[in-house]
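Novice: Listed below are the residues making up each chain.
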Amino acid sequence: MHGTSRWFPVIRSEEIVPRHIAFVQLLDEEIVLWRADDGALNAWENRCPHRGIRLSIGTHAGSEIVCRYHGWRFASGSGSCTLIPAHPSQVPPKAARVRSYQIRERYGFAWIALGDVEGEPSLPELDGLPHLTLRSMTFAAAAADVAATLASEPGIVVHDPYRAVWERMGDAAPMLLLLQPESSAMTTLHAVAGNDLTGAGRLAFLRAHNAWCKEIRPRIVSEESRSAQASR
Amino acid sequence: MIELYDYELSSDAYKARLLLALLGVAWTQRYVEYYPRRQHRAPEFLALSPRGELPVIVDDGTIVDDAQNVLVHLASRHDPTGRWYPQNDAGLTSQVSTWLAFAAALTPTASAARLHDGLLYHHIDVDEARRGAHEQLAVLDEHLWFNEDAGWSWLCTVDQPTIADIACFPDVILAEEGGIELRTYPAIRRWTDRVKAIPGFIAMPGIFPA
Numbered sequence: 001m002h003g004t005s006r007w008f009p010v011i012r013s014e015e016i017v018p019r020h021i022a023f024v025q026l027l028d029e030e031i032v033l034w035r036a037d038d039g040a041l042n043a044w045e046n047r048c049p050h051r052g053i054r055l056s057i058g059t060h061a062g063s064e065i066v067c068r069y070h071g072w073r074f075a076s077g078s079g080s081c082t083l084i085p086a087h088p089s090q091v092p093p094k095a096a097r098v099r100s101y102q103i104r105e106r107y108g109f110a111w112i113a114l115g116d117v118e119g120e121p122s123l124p125e126l127d128g129l130p131h132l133t134l135r136s137m138t139f140a141a142a143a144a145d146v147a148a149t150l151a152s153e154p155g156i157v158v159h160d161p162y163r164a165v166w167e168r169m170g171d172a173a174p175m176l177l178l179l180q181p182e183s184s185a186m187t188t189l190h191a192v193a194g195n196d197l198t199g200a201g202r203l204a205f206l207r208a209h210n211a212w213c214k215e216i217r218p219r220i221v222s223e224e225s226r227s228a229q230a231s232r
Numbered sequence: 001m002i003e004l005y006d007y008e009l010s011s012d013a014y015k016a017r018l019l020l021a022l023l024g025v026a027w028t029q030r031y032v033e034y035y036p037r038r039q040h041r042a043p044e045f046l047a048l049s050p051r052g053e054l055p056v057i058v059d060d061g062t063i064v065d066d067a068q069n070v071l072v073h074l075a076s077r078h079d080p081t082g083r084w085y086p087q088n089d090a091g092l093t094s095q096v097s098t099w100l101a102f103a104a105a106l107t108p109t110a111s112a113a114r115l116h117d118g119l120l121y122h123h124i125d126v127d128e129a130r131r132g133a134h135e136q137l138a139v140l141d142e143h144l145w146f147n148e149d150a151g152w153s154w155l156c157t158v159d160q161p162t163i164a165d166i167a168c169f170p171d172v173i174l175a176e177e178g179g180i181e182l183r184t185y186p187a188i189r190r191w192t193d194r195v196k197a198i199p200g201f202i203a204m205p206g207i208f209p210a
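Protein sequence lines correspond, in order, to chains Z and Y.
Counting from 1, position 112 in the first sequence corresponds to residue 112 in the working numbering; the numbering is continuous, with no gaps.
Counting from 1, position 19 in the second sequence corresponds to residue 19 in the working numbering; the numbering is continuous, with no gaps.
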């Protein structure tokens, strides 16, 4: 699977709440996201370097994550082990370090790049506009299958395999639809609109988008069934 | 005196243990070996509760069965604050009832998948159970997401947890033991963190404390 050299949104920033370990997946990599008490955001491989236990079942101790299994503690920023409870006076080895990923916060999302990437996350259509992020929705389908369904919707233009723009009639601001490939069979659709609705108007907008996501769900079909349809 | 007919691994019995702990009420355990001896279907237990399900409580001689009903009873009789089962606001009481029913509906889905994987209930159609659980979890995640957006932390629109949260929490968080991942339900994961942070919270096997 390609896509390691680009930024993907993986979660709305505001869903990475204090003292919570958020858990996402990108291109088959399980990733935990957590915000230290000083505000620093971390994106780590979901794996303790000691015995491989998922850190998503660990605890958030403010500036460290504590592994559930043997209590090893890993520091915000470096991912380095700061304490091995079984050997409290020993300096933890340098190799005891969680793998971390590049992370940015822009347009109301946390963005991750798994590999080398040029530039910053960019949504030029929204520059100079406010950002209203909407509820993200996960589909049991490949990104290409979700993109094909988006392309069949009136008003939606798919720009690349993971990004579409929705110019909505009667709506001055565009909406960006961003695909996060979790695996070859699972995709999360994020959405951000260039408006600053508030109150009842905002809630109606959020509800309408949520309803639309549920409405398109049954229309998302695999590439095999699309080509079978086309050759009929 | 409260006697609780209890089994350590029962998610329904844990609902009663959890609320009793949160209420700070003393109780006595009557242990029923659900697996493998199936003592909940033995004549002595059926004489107490013909439905043959855990938990059952005997509270000063009153026999109460059904996990959700046990929560209603305990909160009604042993919570002087009235906050766990609010009954002075019809709209709120109705919300609690909705989520108690939702909790009961997790028994043939999330709970059944866990029994299949963990307690060798191999006659269960686990694919169907998981499919049903995912449909319910999608409903729950959406509800919690919009509640959070409106500033509510719990299942009902009230600023503290109720028995609705206690009823739904066990089978939701234990779903992963039945092969149902919670990763794609981020609002549910945040809510389970909040439940674990309630003062007096206790865990059970398969549930990690905060």
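Where hints are given, some of them may not hold.
Just so you have them, the derived chain Y footprint on chain Z, three or more residues with Cβ under 8 Å [stated by the list, open to error]:
hint: 1; stretch: 38-44
hint: 2; stretch: 68-81
Calculated from the model, a selection of chain Y residues having no Cβ within reach of chain Z, i.e. all distances over 10 Å [as the list claims (entries may be wrong)]:
hint: 3; residue: 39
hint: 4; residue: 58
hint: 5; residue: 184
If the Cβ cut is set under 7 Å, some of the chain Z residues that face chain Y in the computed set are [as the list claims (entries may be wrong)]:
hint: 6; residue: 20
hint: 7; residue: 57
hint: 8; residue: 138
Since the hints were derived computationally from the structure, they do not count as laboratory data.
Only a predicted model underlies this, so the values are computations on that prediction, with no experimental measurement involved.
C-beta atoms are modelled at their ideal positions from N, C-alpha and C, and glycine is treated no differently.
Novice: Now tell me, hint by hint, if it's right for this structure.
Specialist: Hints, one by one, checked against the model:
1. 38-44: violated (count 0)
2. 68-81: violated (count 1)
3. 39: Check passes; 32 Å lies beyond 10 Å.
4. 58: 36 Å, holds
5. 184: Label violated. Min Cβ-Cβ 4 Å, cutoff 10 Å.
6. 20: Holds, about 6 Å.
7. 57: 6 Å, holds
8. 138: Where the cut-off is 7 Å and the nearest Cβ of chain Y is about 4 Å from residue 138 of chain Z, the hint holds.
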